[in-house]
Amino acid sequence: MPQPLKDARHLVRMAGLFLVAGVGFLVLRSALIPAGFGELGHYRSGALDDNARVEPRFAGRGACAECHDLAPEELAGGAHAAIGCEACHGPLAGHAADPDTEVPPALDTRSLCATCHAAEPAKPGWFPQVVAAEHAGDDACDECHVPHQPGV
Amino acid sequence: MSVDRRELIRTGGKLLVLTTVAARAVEHVMAGTVDAIQRELEAEHWWAMAIDIDKCIGCGGCVRACKTENDVPLEPFYFRTWVERYRVPAVDEEHPHVDSPNGGYDGFPAASQADSEAKSFFVPKLCNHCAHSPCVQVCPVGATFESPDGVVLVDKTYCLGCRYCVQACPYGCRFIDPRTHTVDKCTLCYHRISRGLTTACCEVCPTGARALGDLKDPDDPIHEFLRTNMVHVLKPQMATGAKVYYADLDGSVR
Amino acid sequence: MDSLLAQVDGFMYPNEIELQWSVLIVLYPYITGLVAGAFILASLERVFNVEAVKPTYRLALLTALAFLLVAPLPLQLHLGHPERSFEMYLTPKTDSAMAMFGFVYLWYLMGVLVVEIWLDYRKDIVLKARSSTGPVRLFYRALALGSDDIGPRALEIDDRVGRFVTIVGIPSAFLLHGYVGFIFGSVKANPWWSTPLMPVVFLFSAIVSGIALVMLVYMTVSWLRGRTVDMTCLDTIARYLFYAFLIDFSLEVLDLIHRMYEADESFKSLDFMVKTRYATAGVLTLIGIFAMRWNVVIGGQLFSKSFLGYTVYKMGFATREGMLPAILLMILPFAILWLLIRVLPPWLGEGDRGVVETAEG
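Residue numbers (our numbering), protein chains in the order written: chain A, -8 to 143; chain B, 155 to 408; chain C, -19 to 341.
Hints listed in this document are in silico derivations from the structure and should not be mistaken for laboratory results.
Bear in mind that the values here come from a model prediction, so they are computed numbers and not experimental data.
Positions of the beta carbon are idealized from the N, C-alpha and C atoms, including for glycine.
There's no promise every hint is true.
Said to hold, decoys possible - Not close to chain A: a few residues of chain B, all C-beta gaps over 12 Å, as computed:
id : residue
1  : 174
2  : 191
3  : 224
4  : 227
5  : 230
6  : 231
7  : 290
8  : 308
9  : 326
10 : 335
11 : 371
12 : 376
13 : 379
14 : 381
15 : 387
Stated by the list, open to error - Quick list of in silico lysine-lysine cross-link-like pairs, DSS-like style, CA-CA up to 30 Å:
id : chain 1 : residue 1 : chain 2 : residue 2
16 : C       : 168       : B       : 310
17 : B       : 310       : C       : 294
18 : B       : 310       : B       : 370
19 : B       : 209       : B       : 221
20 : B       : 221       : C       : 294
21 : B       : 389       : B       : 370
22 : B       : 168       : A       : -3
23 : B       : 273       : B       : 209
24 : C       : 34        : C       : 103
25 : B       : 209       : B       : 370
26 : B       : 389       : B       : 273
27 : C       : 34        : B       : 389
28 : B       : 370       : B       : 221
29 : B       : 209       : B       : 310
30 : A       : -3        : C       : 103
31 : B       : 221       : B       : 310
32 : B       : 310       : B       : 168
33 : C       : 294       : C       : 168
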């Protein structure tokens, strides 16, 4: 086989093009991979911080207890003792951060209590539930019940 | 003959060099995966959730809190957590009647008392934060991943929006956020649990039907929960390593 | 948006109500199927020496190239962030069935199709460069990579290399489309998709649709050029088309029978789809295969993974993922093919492809 490449120069050029493209790809790739990718697994490790950085909107029971001494006392022993404050009062991270300007809204017990206590067959049997119209007519719940210490 | 052999050796040598180079290139392209298992062993937490079906009253507080806390679109097609109501005819376990109006966001309209033959209960659903997650497996670029402490998260700056993970999730836990065109899902309130708070859904659950648990903390009540209840995960046949554990889950739930 | 809720029959998980993959994702496996099928027809002549189909050899290659160039477009249009698609090349995840698509695609496009077409046309390109002037000459010289060598030895080398590329190309074509089938077949969450038969079914329907496409293109081109159609060639192609269709049909029926006989927990919710599939699967021709792809991609999303309900798919018209872009995307490859035929006419130097076979000892 004399000078095998003599008549295959065009093929060598083609191969050269592929080689250039391949090397170019590897170089570009090294430059473009985001920082921190692969540090912890097959992902950008900064994504963990991105997810953790979001500001909470529910402050959590602990934050309420920092100022409101009364609430835990009232709640002690009651059927609602274990319920988070924000389950009824809504998200209050804003209020916890700035108690004077951000004031939690007043609550309408008639609709609020019904979200949990309206009768529904799918609710577990142990859970106290009523058909509000039969149970209290048009009266508001807090005319008879104390929401922080329910019971009659 | 000797010429042939020399030729053979030369060709073989070229091939060897070429394959080595190719292997290196492939290695370079595929690089980026450290031993994730090792990271998990070193992590401080291993997050999970315990759900007690017999405590869920279907108030929808978790759904509302989740949408508020995580800024989830309010349309009825986007839920990081939702609640389903099951009504199972007593003699037909295989054909339960299920509904989840607006994901349970507005609570549930009282069902007619007529089908008293049926048993009835609520099932809160959320991402199962699978240890062998099919969604993480299929993501082509590594935009969704399992954190070292066992939470399946999304890198919103890296997601292509190809939706393959949505197709791969057996539980219907993922959706495309219409505002960012990237995938969205329950993060187990990663921003809260890494601050020492519990998740928004657990924070507001009035009956304690759902509780965040750290399986690496020997004092966490979740161990007691797993020990004293008959516990089930959703679709165990999918072998996803789901970490949302249900107590008293009915066989009809899917 | 509320109309989506009205379409749901039974129960679907709330996040499932919006369908994820649209008509564009039907188009994508359909088009790659056409590519694979057209290539396999071309290799019949080149590798298996089926002389009768020779008139379609180059046409089949150009058709494959035209459609392959369009194949990623529906995907791009469908992505939430098309500008990030290059990440598939940056950080492909080895255990993702989709991650390798970019590489398989590039390999097939550049490593197989372009090289084979280039080798086959090289003599004609060089002759074109010699006989033309000005920018046209420059263009063809660039296409020839500046080489002027079309001596018998060079052409013989081209032919051998070309043959080798075709032989490598056949498994590559199988890989390209079988792989697309695997993207669907490996989704264990979806019982309509999750079957090891999927890649094989995709492959054979690809061969059917690809062969049918080349047949149609060949007839149309002959008619446009005012040439008579080579009937022996058409007969042979039709015969292969029939064989491939038989296998494809058998596989589809096998899949159906298997599902009906097993009747597992998902079957009740798939039942309504099995019926529609019977109605569509029997139709031969391109439309039939498109219906099959439709049935896989859209059908697989109509039922809930809770197996308790289903919905319908309403296709938009002039929306980003509607019918209009789908139609345009189907026309585009034909436009590209027309352009390719202008640049590299398949009938250039008809009948003499350099020194063939004789040099082999």
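| Among the hints numbered above, which are violated by the structure, and what are their numbers in rising order? | 2, 3, 7, 8, 27, 29, 32
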